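Colleague: Here are the chains, one letter per residue:
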Amino acid sequence: MFNPWASANPYHDLTFFSFLIQFFKRFGLFVVGRLPMDQLVTDEIQISVLAGVAISSALIGSFLILRRMTMLANSLSHTILMGIVLAYFFSGSNGENKTSIAPMQAMLIASLFMGFVTAFLTEFLTKTGRLQEDASMGLVFTTFFALGIVLVNILTRDAHIGIEAVMGNADALALSDLYWVYVILTVNALIYCLFSKELALTSFDPSLALALGFSPAFFNYLLMAQVSATSITAFRAVGVLLVLAFITGPPLISRLLTHSLFKMIMGGMGIGVACSIIGVALTRHLLTLYGMTLSTSGVVVSTIFVCYLLTATFAPERGLLSNLRNQLKQTLKV
Amino acid sequence: MQIQSLFSFFVDPVLRAPTVGCMLMCLGASLVGVIVFLRRQSLIGEVLSHAAYPGVILGTLFAGIFFVQTFEELKLALFALTGAFITSLLGLWLIHFMEEYCKVPSDAALCFVLSTFFGIGLTIASEVQFSFTSLYKQVLTYLYGQAATMTDIHIAIYGILALGISLLIILLYKEIQVITFDKQYAKSLGINIKTINILIFMLVTLSVIIGIRSVGVVLMSAMLIAPAAAARQFTHRLPVMFLLAGLFGLGSGFFGIYFSVILTDYFSTYFPSARLILPTGPMIVLVASFICIGSLLFAPERGLVIRFMRIAAFRYRCIGENVLKAIWRVGPDTSLHLNQLANYQACSKKYLCFILWRLCNRGWIQRDDAGKYLLTCDGRYKAARIVRLHRLWEVYLVDYLGIGAERVHKNAEEMEHILTPELERELTFLLNDPKEDPHHQPIPPREEFNV
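Chains as they are written, first to last, in the working numbering: chain X, 1 to 334; chain B, 335 to 785.
Here chain X stands alone, though its shape is the one from the complex (with noise of 0.2 Å):
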């Protein structure tokens, strides 16, 4: 395929080490501030962006983790579309600037009230509507979608932003993504040094919580509110479904490896970083031997997946082969 930036961009061609070795050189560059913003090509963008995402994902996702609400960010996932075809609409942009879908401050509440919209709704229906829960979200995600889907025909008349918000496109990223995702991010890392205590407390005892004045209804609204902003940031890169591998895969991974809730989000962000680098590396690994041209989101969730079933095999308190070995000594010894 021909590529205009192709002599412009120092990645070209490289595999994956010397992908890593050129990306960590150009990094320190960074650092060090000979590399100036706006020579950052492609790659970088899109290692930036995504380590930005996992990075605030890995703050809000165990929190979501520890208080089994995951499966609320899925819906949210779900009816963040309505937000963005809400967006659309009422921001009025349409034809001339087809690159950027509506302003990021009108997506920005959109997807905020959405969200709010979506835990109220799920909520009432399992309070008061007496539907058990996971009927009452399912029930809450699929109508919002479908009216989501409709309504993207019927306003835009091609579905291109449909798929859009589904699957990502991290390959048609610009300098202005970077800026947002990294506002949010400031956002959730305040939001976890100012509440660090007060999340911890009413995610693993909402009794004592409440007990001692802390509303466990507040906080499960602000994580939402986190969730529904990280999410309508990282739509551009990643699409709001694979957010959701974000949230849950790397916290998952160094839950295995540690028992501190700090650990674990500390981990949790690390390894996100690592895989977005990672995966983007192995993008360009592909493309420059074998001329395949993959998504680099799924690419980069498809890292996290593969990371996920190789802690979970090896990791050494509770990974599959330690527990094995265990079992063995065990029958040997009786």
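The set of hints was computed from the structure by calculation and includes no laboratory data.
You may find that some hints are simply not true.
[As the list claims (entries may be wrong)] Under the rule of at most 25 Å between Cα atoms (straight-line distance), these lysine-lysine pairs were calculated in the PhoX-like manner:
hint : chain 1 : residue 1 : chain 2 : residue 2
1    : X       : 263       : B       : 437
2    : X       : 329       : B       : 517
3    : B       : 409       : B       : 471
4    : B       : 528       : B       : 508
5    : B       : 508       : B       : 437
6    : B       : 517       : B       : 528
[Claimed, not checked] Just a few of them, taken from the derived set where beta-carbon distance is under 7 Å, the chain B residues facing chain X:
hint : residue
7    : 376
8    : 436
9    : 518
10   : 556
Please read these numbers as outputs of a predicted model, since none were measured by experiment.
Every residue, glycine too, gets a C-beta built ideally from N, C-alpha and C.
Got chain X sorted already, so can you dock chain B onto it with the hints?
Modeller: Using the frame of chain X, we list chain B on its own:
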């Protein structure tokens, strides 16, 4: 195209296949949906439909490798569906593995599997897109579903599958029932739970996979949940629930297609420039959700609106009776002003006005010229009866349940609105028609209001 009548959807050569196909598919999904709904695993459909995606794409890849041409629809479908079946089962197994061996909370396992499988699917898709472009375009219909292009072959396939699903449910009915409601009991009966569970999961997978062609990967889970949840509102019995869910499924399949065709027709007549097409899959899901939300709100007994109405009706009766009682207490022949009454009632003044107006209409109270309210003869009987019920119940609580006299008032305050004439007769008989309540207040005699 002419606007069709309902029946013509079954005979029209173009519309017949999608209509019947979608209805059969929805039937299968909603029957299976009842089982997963009762097992509280409704979201399994969501995972399965996403986990099927890489399978569909892989199937296409293999189809491309084995030189299947785009017009060989059946072969392509076979490849895609087999792939979908395999990856869905793989996803289920992985969830099981994560829950059992890694001690991952079930929701996190579901979420992880569905998102990563979808990601893997996307990765492969981005490759297939370039190597087998024409095949890929055809397979894209599996992501959002495309009912319009179904042919008679699909009816046959879906018919057989739906029939198979229903037959299996009928054959395994007893086992499914026992396992769903009481696992321990099932074990003691010697039922092989593991086999049945695997069979059930196979059924779910099958029904999800046959559905993704018409509704699409992303929306298939709705068809498992909505009909079952709607059916649950109407019945407590399992066979009825299966029947209702099946009916709702058939209905949403049909009306989904119906509205999609009619509205598209409408739009193309009135806004021809817009070229609007309403996709069938989402319309089916919307109809199913509409049915479900309707039954959540209006189902007799369990419906939300019905429940609220019952509560409101009870409150209306309570306050009306309390007002009568309040006037009677002050003295059967004295009259009270609205403000005096409002002091003792737990409701807003406006609502109290409404209640007083209703009571006047029923002829229990009268409004005199000074704006004060006075009991009529009928009202006096009614009030006396309520007071009698209240005090009888207090006597009963003290004499028979041994509750202290100082604690019985609150309970009696509620019971006076609930006790029926039959219960009153029984109480009178049981307590030997007492003349005084535990607080030494006279109990209005029975004859007074039996005239």
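Colleague: Now tell me, hint by hint, if it's right for this structure.
Modeller: Results of checking the hints against the structure:
Of the supplied pair hints, the one linking residue 263 (chain X) and residue 437 (chain B) holds, its CA atoms being roughly 18 Å apart against a limit of 25 Å. A C-alpha spacing of about 33 Å is found between residue 329 (chain X) and residue 517 (chain B), which places the hinted pair above 25 Å, so the restraint is violated. Restraint check for residue 409 (chain B) and residue 471 (chain B): the C-alpha separation of about 16 Å stays at or below 25 Å, so the hint holds. The hinted pair formed by residue 528 (chain B) and residue 508 (chain B) meets the criterion: a straight-line CA distance of about 15 Å does not exceed 25 Å.
For the hint pairing residue 508 (chain B) with residue 437 (chain B), the CA-to-CA distance comes to about 32 Å; that exceeds 25 Å, so the pair is violated. Among the hinted pairs, residue 517 (chain B) with residue 528 (chain B) is consistent with the structure: their alpha-carbon atoms are about 11 Å apart, no more than 25 Å. Against a cut-off of 7 Å between C-beta atoms, the interface hint on residue 376 (chain B) holds, since the closest Cβ of chain X lies about 4 Å away. Below 7 Å, beta-carbon pairs count as interface contacts, and residue 436 (chain B) has one with chain X at about 6 Å; its hint therefore holds.
With 7 Å as the threshold, the beta carbon of residue 518 (chain B) stays out of range of chain X, its nearest partner Cβ sitting at about 21 Å, so the hint is violated. Contact between residue 556 (chain B) and chain X, as hinted, is supported at the beta carbon level, the nearest pair being about 3 Å apart and thus within 7 Å.
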